[in-house]
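So the sequence lines, in the order shown, correspond to chains L and E. The C-terminal residue of the first sequence carries number 399 in this note's numbering, and the numbering is unbroken. The C-terminal residue of the second sequence carries number 164 in this note's numbering, and the numbering is unbroken.
Keep in mind the hints are simulated off the structure, nothing from the lab. Among the clues, some could well be false.
Unchecked claim - Mimicking DMTMM-like on lysine to aspartate or glutamate, the simulated pairs with C-alpha atoms at most 20 Å apart in a straight line are:
#1 L:LYS71 / E:GLU133
#2 L:LYS107 / L:GLU53
#3 L:LYS56 / E:ASP94
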Amino acid sequence: MRELFYCAHMLHSHIAHFYALAAPDFVVGPTADPAQRNILGVIDKVGLQVGGEVIKHRAYAQDIQATIAGKATHPVGGLPGGMSKAIKEEEREDFEEKAKSLVEFGKLGLKLFDDLVLANKEYLDLITGGVYTMKSYYMGLVDENNKVNFYDGDVRVVDPEGKEVAKFKPGDYLEYIAEHTEPWSYLKFPFLKKVGWNGFTEGKESGVYRVSPLARLNAADGMATPLAQAEYERMYRTLGGKPVHATLAFHWARLIEVVYAAERLLELCQDGEITDPNVRTIPTATPDEGVGIVEAPRGTLIHHYQTDDRGIVSAVNLIVATVHNNPAMHMSIKKAAQGLIKKGQEVTEGLLNMVEMAFRAYDPCMACATHTLPGHMPLEVVIYNSKGEVVQTLSRNVG
Amino acid sequence: MKTLVLGLGNPILSDDGVGVRIAERLQGKVDQREVTVVEASLAGLSILDLLTGYDRAIIVDAIQTVGGKVGQVYRLSRDVLDTTRHAASPHDIDAGTALELGSKLGLPLPTEMVIFGVEVADVVTFSEECTPEVREAIPICVDMIVQELSGTPDAYGDDGAKRD
Numbered sequence: 001m002r003e004l005f006y007c008a009h010m011l012h013s014h015i016a017h018f019y020a021l022a023a024p025d026f027v028v029g030p031t032a033d034p035a036q037r038n039i040l041g042v043i044d045k046v047g048l049q050v051g052g053e054v055i056k057h058r059a060y061a062q063d064i065q066a067t068i069a070g071k072a073t074h075p076v077g078g079l080p081g082g083m084s085k086a087i088k089e090e091e092r093e094d095f096e097e098k099a100k101s102l103v104e105f106g107k108l109g110l111k112l113f114d115d116l117v118l119a120n121k122e123y124l125d126l127i128t129g130g131v132y133t134m135k136s137y138y139m140g141l142v143d144e145n146n147k148v149n150f151y152d153g154d155v156r157v158v159d160p161e162g163k164e165v166a167k168f169k170p171g172d173y174l175e176y177i178a179e180h181t182e183p184w185s186y187l188k189f190p191f192l193k194k195v196g197w198n199g200f201t202e203g204k205e206s207g208v209y210r211v212s213p214l215a216r217l218n219a220a221d222g223m224a225t226p227l228a229q230a231e232y233e234r235m236y237r238t239l240g241g242k243p244v245h246a247t248l249a250f251h252w253a254r255l256i257e258v259v260y261a262a263e264r265l266l267e268l269c270q271d272g273e274i275t276d277p278n279v280r281t282i283p284t285a286t287p288d289e290g291v292g293i294v295e296a297p298r299g300t301l302i303h304h305y306q307t308d309d310r311g312i313v314s315a316v317n318l319i320v321a322t323v324h325n326n327p328a329m330h331m332s333i334k335k336a337a338q339g340l341i342k343k344g345q346e347v348t349e350g351l352l353n354m355v356e357m358a359f360r361a362y363d364p365c366m367a368c369a370t371h372t373l374p375g376h377m378p379l380e381v382v383i384y385n386s387k388g389e390v391v392q393t394l395s396r397n398v399g
Numbered sequence: 001m002k003t004l005v006l007g008l009g010n011p012i013l014s015d016d017g018v019g020v021r022i023a024e025r026l027q028g029k030v031d032q033r034e035v036t037v038v039e040a041s042l043a044g045l046s047i048l049d050l051l052t053g054y055d056r057a058i059i060v061d062a063i064q065t066v067g068g069k070v071g072q073v074y075r076l077s078r079d080v081l082d083t084t085r086h087a088a089s090p091h092d093i094d095a096g097t098a099l100e101l102g103s104k105l106g107l108p109l110p111t112e113m114v115i116f117g118v119e120v121a122d123v124v125t126f127s128e129e130c131t132p133e134v135r136e137a138i139p140i141c142v143d144m145i146v147q148e149l150s151g152t153p154d155a156y157g158d159d160g161a162k163r164d
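Please model the entire structure based on the sequences and the hints provided.
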């Protein structure tokens, strides 16, 4: 039940991110006027019918979550030992119809990506170009067959050449991940313990790793459902094999995951046990410590709790996807800025957006990562000459 | 006319929860055959989900303006959303864009919309209580919404002051 809910959660999040946040850069254009470079501009290009399909299918995913767990956002159905209520047969039938439609919608998304992004040489060059490429380790949850799983399994890590270097149970995460700190940020910088922190550098000697849809696909040996598997193979064939280091390919992987989530949702809807009325086993012991790991839409999510003898939480450690990606995000932004801003070239709003694209691919949540409250989205680019003097500053929502 | 009264906010972040508190108070004061009162901690695209299917919407939320007086209640129109295009999170779009998207796609959105904003002091402290001046504004805003629903919005000015 929880996995079914979770597939619906992935669907709503991936759909919202791709069509509202990522697509404008590719469909409308990375340097287009900001007044057009948004979901409304995307709808102008792809048409009202496609736009309607986006909203409809996102709503399907929200409906499934709300039916199972009370609310789509801030669900209340999870309890220690299970869920608060079972799925009724008429609900299951409704979910099944929605899941079939979501599979078709997933295929539509990849077709749009083919027609509007991959068929455009400029965009394909953008995706595969060095400015947005980073050779890192990759982390993701896999099942017993090393296929991508959002909900359960072991954490697998592969090196920049795609070779498995670690596979561990959630409870062992502290043996593999450590966190570096910098005085200029509240956010920590996780790294692979056995490789070590060697600064903001790429490659095998650097403990920097990434999580994300692309990281999940890189860390796994494939997808557990047939249509998603075919798309997985096609992506790697197109981009020259595994692993893919192109940060903008996070978006392609995201669309492949839409297909997987929809197929898996359908499989679970058609599982005879999904409407079993026994959905909770009331715990009999008081917990003292627990580690839970799932794949959030943006990447691996670690929750670690310690409790006292009353079962009251006494310590918490959360490593969310944006934290795992923190070192890599900084490196991606810097690489994009250094690669795109050339001497003598005017730094325009469009150029600022192209730097921001390196960040947006991670679908970051700074509030989750810093455990503070959301605010504006500040962005500042400062250009220095060889003497260290500021030549130009371009900023938005700063101060 | 199917009407939605939507109280928005985070109920554990002090004054940010004022919209939810006002919606709670309205639950017993409206004709439930015509009016649905919903409390929600949502923004952006999710607002579209909530508004679809209603003819009229009254939204109530916390607001912070430059130089605003804490506790003041404003009666605002839908246009005000176009003056503040800030998304609540990087994974979402702002409410104005969400509504524009809904209209563009022909979703059955309310043709009438009024927004009640309560000027607040504190939206960052964890608390289930609003600050004192905001607490005092709650019954005023509740009454303003009741007047709006009963067709007498002119009982109050757009700045929240009661008219004789």
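*Okay, which hints does this one fail, numbers in order?*
1
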